[in-house]
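So the protein lines, in turn, are chains A, B, C and D. So for the first sequence, this note's numbering puts the first residue at 1; every next one is plus one. So for the second sequence, this note's numbering puts the first residue at 1001; every next one is plus one. So for the third sequence, this note's numbering puts the first residue at 2001; every next one is plus one. So for the fourth sequence, this note's numbering puts the first residue at 3001; every next one is plus one.
Don't take each hint at face value.
What the hints assert, rightly or not - Pairs of lysine to any residue residues, derived as SDA-like cross-links and limited to a Cα-Cα distance of at most 25 Å, are as follows:
no., chain 1, residue 1, chain 2, residue 2
1, D, Lys-3244, C, Ser-2396
2, B, Lys-1244, A, Arg-403
3, D, Lys-3420, D, Thr-3013
4, A, Lys-244, B, Asp-1196
5, B, Lys-1380, B, Leu-1121
6, A, Lys-312, D, Arg-3320
7, B, Lys-1420, B, Asp-1196
8, B, Lys-1244, A, Asp-394
9, A, Lys-244, B, Asp-1123
10, A, Lys-420, A, Asp-407
Because the hints were derived from the structure by calculation, they are not lab data.
Protein chains: 4
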Amino acid sequence: MTLPAELTQQLTTWRRDFHAHAEPGWTEFRTTSAIIEVLRELGWETVYGPELHEDSARLGVPAAEVLARERERAVAQGADPELVEAMGEGFTGVLGVLETGRQGPVVCFRFDIDSNDLVELRDDSHRPYAEGFASVNDAAMHGCGHDGHAAIGLGLATVLAERKDELSGTVKIIFQPAEEGVRGAHSIVAAGWFDDVDMFVATHLKSNDGKGNIVTGSDGYLASTKFDVVYTGIGAHAGGDPEKGRNALLAAATATLNLHAIPRHSGGASRINVGVLSAGEGRNVVPRRAVLRVETRGQSSEINEYMFERAKDVVAGAARMHGIEHEVTVVGRADQEAPSSQLLPYIRACFEGTPGVAEIRDSGGPAGSEDATAMMKRVKECGGLATYVQIGMDTSWGHHTERFDIDEDMLAVGVESELKIVLGAAEFLDSLGRDHGEPVPPEA
Amino acid sequence: MTLPAELTQQLTTWRRDFHAHAEPGWTEFRTTSAIIEVLRELGWETVYGPELHEDSARLGVPAAEVLARERERAVAQGADPELVEAMGEGFTGVLGVLETGRQGPVVCFRFDIDSNDLVELRDDSHRPYAEGFASVNDAAMHGCGHDGHAAIGLGLATVLAERKDELSGTVKIIFQPAEEGVRGAHSIVAAGWFDDVDMFVATHLKSNDGKGNIVTGSDGYLASTKFDVVYTGIGAHAGGDPEKGRNALLAAATATLNLHAIPRHSGGASRINVGVLSAGEGRNVVPRRAVLRVETRGQSSEINEYMFERAKDVVAGAARMHGIEHEVTVVGRADQEAPSSQLLPYIRACFEGTPGVAEIRDSGGPAGSEDATAMMKRVKECGGLATYVQIGMDTSWGHHTERFDIDEDMLAVGVESELKIVLGAAEFLDSLGRDHGEPVPPEA
Amino acid sequence: MTLPAELTQQLTTWRRDFHAHAEPGWTEFRTTSAIIEVLRELGWETVYGPELHEDSARLGVPAAEVLARERERAVAQGADPELVEAMGEGFTGVLGVLETGRQGPVVCFRFDIDSNDLVELRDDSHRPYAEGFASVNDAAMHGCGHDGHAAIGLGLATVLAERKDELSGTVKIIFQPAEEGVRGAHSIVAAGWFDDVDMFVATHLKSNDGKGNIVTGSDGYLASTKFDVVYTGIGAHAGGDPEKGRNALLAAATATLNLHAIPRHSGGASRINVGVLSAGEGRNVVPRRAVLRVETRGQSSEINEYMFERAKDVVAGAARMHGIEHEVTVVGRADQEAPSSQLLPYIRACFEGTPGVAEIRDSGGPAGSEDATAMMKRVKECGGLATYVQIGMDTSWGHHTERFDIDEDMLAVGVESELKIVLGAAEFLDSLGRDHGEPVPPEA
Amino acid sequence: MTLPAELTQQLTTWRRDFHAHAEPGWTEFRTTSAIIEVLRELGWETVYGPELHEDSARLGVPAAEVLARERERAVAQGADPELVEAMGEGFTGVLGVLETGRQGPVVCFRFDIDSNDLVELRDDSHRPYAEGFASVNDAAMHGCGHDGHAAIGLGLATVLAERKDELSGTVKIIFQPAEEGVRGAHSIVAAGWFDDVDMFVATHLKSNDGKGNIVTGSDGYLASTKFDVVYTGIGAHAGGDPEKGRNALLAAATATLNLHAIPRHSGGASRINVGVLSAGEGRNVVPRRAVLRVETRGQSSEINEYMFERAKDVVAGAARMHGIEHEVTVVGRADQEAPSSQLLPYIRACFEGTPGVAEIRDSGGPAGSEDATAMMKRVKECGGLATYVQIGMDTSWGHHTERFDIDEDMLAVGVESELKIVLGAAEFLDSLGRDHGEPVPPEA
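One chain only, chain A, in its complex shape (with noise of 0.2 Å):
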């Protein structure tokens, strides 16, 4: 079985056209458009709009001046504008539902879609770029693949809804916007839309980990918080009136210095990192606001928890050292989960075979944060099995970089053996004795 030449081609185009309209989390417009619009073609139900979120569980959604300018721009660029009005607010994303009518197991897939806030290297020796798909949209690039990984869960649609006739229970495929930031899975998740999932697939395109090699169960990602610090301090005259400043911006030297110097925690890797820092309005100015984007990681949420806790002590001491205000806000959270054991072996098999595919392993993967761990939660608390799979690349670059492309190769691999998993979930299923198509109590 391999694809057809021309569904093999479309995976190129979809993915090329996702990554030269890169949208960051929340302000996936034009990609949720563009996502909706096929898979009604192809006959699927779509659930968007706030149907799909819990609204107070969103974490991390940008200023409502944001979001109108980019809901302008998204039609600017082609989004369908009745969709984008129907977003609003930034309920951005797509959860598609394919309904065979005959019994069987709800089998869920998950497919980021937004993109990161970096530059794109705009240099011929980058791909994108010379080929002339590179961002047009400024601070906006999709360094991450999940331009990737949207053209994927197309291509599963497209499949799926082709072979419809052969296929029992329940399709379902979440196009998840905001997962930089691990924001946008929270409030999927509280709707209810996983309470009766059976078998759930999380995917990534993974670089540097060598062309075609799987992890079925990829458990590296670690705990994280986001989360934002606002300094207010008093402005004043910095030739004429030093002393009557209160610098919000030593204070943000300073946390900054002392954040990542939180000792490490023997229990297991720590990470923290403060990505962006922006103060002060003036050269002449004591500046009287400074703002820090800041994330904590941890190998457990313990660890995640300790690097957490002691970034608050050092936030409000600076603010204490420097006699000003300070304001910590939570914009983005992941725990960790680890994949069902019972379920690699079946996709390890569905795998195995699909051309393109080198060396599989069921445990690994890279250490960042997902908030698909939200959703592998919800699912085995509620009975089903889940797991996160990773496609290996041959890239030179790696994730989050102003260089990074993937390996278009990669697109119909994941189609085909994801395709496969849906085709053998029930007999999988039926062969554990689990009782799908509806909840079955938790492993323990």
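Once you have looked at the hints, place chains B, C and D on chain A.
Positioned in the frame of chain A, the structure of chains B, C and D alone reads:
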């Protein structure tokens, strides 16, 4: 002698129009355009655009994109498109020249016209907001009174045009751009416009100094160097590959703290301010770029030089610490220049008796920095006399704060007193036995 | 088999005597003297003084004045003056050798004997203080259990001497100086004393690990580099001439923060500690000298090297920032070395059945650093087998704290089990088909 | 009038003896003992020990162990054991009183006698070392010329004793301890010894100021607060348990940087110095204790207060950052006090004509801090006149450096001129119509 009520009213109208359309240094397209139009109407000759500036001596000019955007904005806000085009790449400001055709001295005034990079307070306690003339431009606000300076300049041009028949010699009024950041004077001086000046007076409204109190020879200005620092490191995923990054923000934060910690100087006042720090692209990316906007000051040029030299060491050391590149660009500078002591009694006499003037002192003034010192220096080098006048206001908020507002009553004080300066200039210079109208050897 | 009560009592007596006379690395004059005297009494040969060490490979030896003072102190506290003189410039430690005269393997044990630079708690809640055997030496305390190690070594020497007739081959017991700071092993290894060893066992008491729990092959040790930094600036009167100083303390403080902020490594655990900072001469003098005592660690030698390289950049950059000189001196180092897996079942068998032993594991152990790895490495290079054994204790305070105390019950566990190691060594090595008694090719 | 050669020689002998036996503040046991012996020999009454000081007003007294050790040292270096015992817990210094028995004013001189905490240069380029009178005491050095001050005081006592018959009223000479750190004056003032003084003169040798140049009314001193900070965190093994520590050194390093970064004050000169930082016990232990010795200064007491208040915020914030305890103890302070302008012409007249005197100015002087201001303040409050005299030297190295040395020629200048001050005091005070010999109302 008092100004006609109509002109007094017009001073306020001009000032509020400039205030509402605040334009930072080198982007004073609309302000310059409006001034040129008034000067032309009054019969003054005008010099503007590239003719006004020695291009190679311009400091701290914004990037071409910024200038293009600002030109568009200025036109949208009513600037004459032809004049704006003539100002092209930020050749803003205008020199008005009134030739009387009669032999006599060259008397020159300087008024600066640019705004600060401040966000104006939008609150009814702030008169410009309450009365509807707060700045309509984002992050641009007249927080230093240059809107008032420009209005005084136009008022002076008006009364001089009306009384042209009583005058001899030449009057020049320079409406200078980019005083904030001490950037704009150098290229006008380098173009030679001050080489023939016999008497030079710069003017500044001073807050918190007692309504109507005058300083005839402001000598408190600090020497200053304005510079930008750009750090360039290496980005990396903060969770997956932190060790592969080279963190430009850590370098910038360390530099900021250590810059502020440069030792005080026993020889007199020194200052340092990192007014702006902007670093990083995304929360989960090791920041690969950081930009600092910095200034040093000193009570003498030597002390400022000490600060700047130490600052360069700090900046370079922070780069070395984190294994990254750095670049330092000087974007503004001011030296110290003492007023001509011979001139002060005359200036005093011209302010005495003007309605609204309270106490008059011959020295003092604020501890900011001024590039008018470059004009003063050049005038003195060429044998002329030069001073810097402060006009006191009783305001409750300092310069360069988001609540700054001027006392509009002082505009007429400036116009009236400086008219007197022109009227008596020839006689005063004669009384000193000075050959005016042509260069004389510099005073010791 | 159980130890005679008299010997068990003697183990405690020895340990408490060493505890009361704690001696930091390279100053173990009294401890070494006492050990030599016991060994001689038992009939062991002893190697000590410059013969024991390759001088050029010694790391982190204190200054001559310190050694002179410590020699005097040791003699005042009962050390044999002749032995102390023989140890001269810090050539402490002793190798005991028991030649059976019968063909057989060379079995070697290592016990470290130095104390920490800690101030012991003087409080009745701390048993050594309450029972009168707290350290009498200022800022020297056995906070790592080496007092217990030395006692186990003497106990083992005692039982081996008593049962010499049952033994074959050679037994070596190295009482190693200066393990703290991973300084003392290198020069003994370089002198060749491990080149003929067939089986090597290092021993450590481990707190907080469950009473009697044994690790036969401790593999958690981190590679480490210990280094001193000296910054030399220029002193000046802080009130009168602050600008003339070059502040070594500001450099040291900046370095300290940035050292702790060196990014974590995705490849495994890393550590950094500025354990001591000492700077300045007087409150009103700009500090012209600062000394830092620093260590880096890594889960692999590569990670440690990464930390050390980054640390050198930080240290150099801080000097550049403040215009001062700096010097970095390496005073200790440890690499990683895995235990010989073939040896672990034998070690397990020797501990099994010893009264007081609870659970036995074959890997694990603390994340400190150990220079016994240098001995292990050399033994393995020369064809021998090597491991590192941990003996667990259920104590409430961690190593290197001012409240540390050992569980003296564990001393006998060590003596008894390690006696069994010697008794069965020849047979075990024969069972592996190893040619012992002479070097064999290294294992892969 | 010139001093006899023998006395001139004796001045140098005294000075070199004091130099060789430098004693920091509150440990001047030997220096005080030697001075008392000379004064007694000359027939002066002496007040010393607890009688001289109001105990509760003493600042910055060393710990009891230090005092005990220093008393022992002083006796070993020739101090009178009875006198040393009388000085007990650091009640050093002595007041010499010469009662003439004749009605007249109380004229008082102050000479400070303590050394700095400096390590003297041991190099032949440094005269005290080359000529064998460098300090024999570790980390104690006369780096501020107080050895010379004490010698001038003894010289003055000698000539006054010789000419007692020509004098009227009372002469007091206070040999003050602990001027370094501005600690010693307060408790002597509080004990009332200055309440009856009509004329007060403090004296200081000033380097780098031109040989023989005199300042009659030194007014450049800065207000100052001296304080110690102790941070107490939690120790932990830096390899095994880094997350369990609370790092006092990180807090201290952060505090140090941010203390030096406290904004300059537009009202005048400010200073800050963290002169000493001492932290940590061992390289591999997270530092649980850090001590900082800090001072702030200001051109006015208000500016100093501003610095001290900001400093306390910084210190507290750094503790908050790292979750540790902190304590701030004030150990010294000095305010500003202007010299009595009425007195200066008289002082000028007394120095004029003295051999060795060059230029005389009435104001100026160094920007250090002085607790003699507390004496000046008290004398003025009680109706007396007070000033502070500088005697210039042409030396190449500044105060408080390891190479400092005085110009011994200036000792005689001080003795001779100040003898004249006593001889003419009654007549001068009469000429002002001042009721001397009893308190008069303070001058405005």
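Okay, the hints, checked on the actual structure:
no., hint, in the structure
1, D:Lys-3244 to C:Ser-2396, "14 Å, holds"
2, B:Lys-1244 to A:Arg-403, "15 Å, holds"
3, D:Lys-3420 to D:Thr-3013, "23 Å, holds"
4, A:Lys-244 to B:Asp-1196, "42 Å, violated"
5, B:Lys-1380 to B:Leu-1121, "41 Å, violated"
6, A:Lys-312 to D:Arg-3320, "10 Å, holds"
7, B:Lys-1420 to B:Asp-1196, "21 Å, holds"
8, B:Lys-1244 to A:Asp-394, "18 Å, holds"
9, A:Lys-244 to B:Asp-1123, "22 Å, holds"
10, A:Lys-420 to A:Asp-407, "22 Å, holds"
Consistency note: the structure conflicts with the earlier hints numbered 4 and 5.
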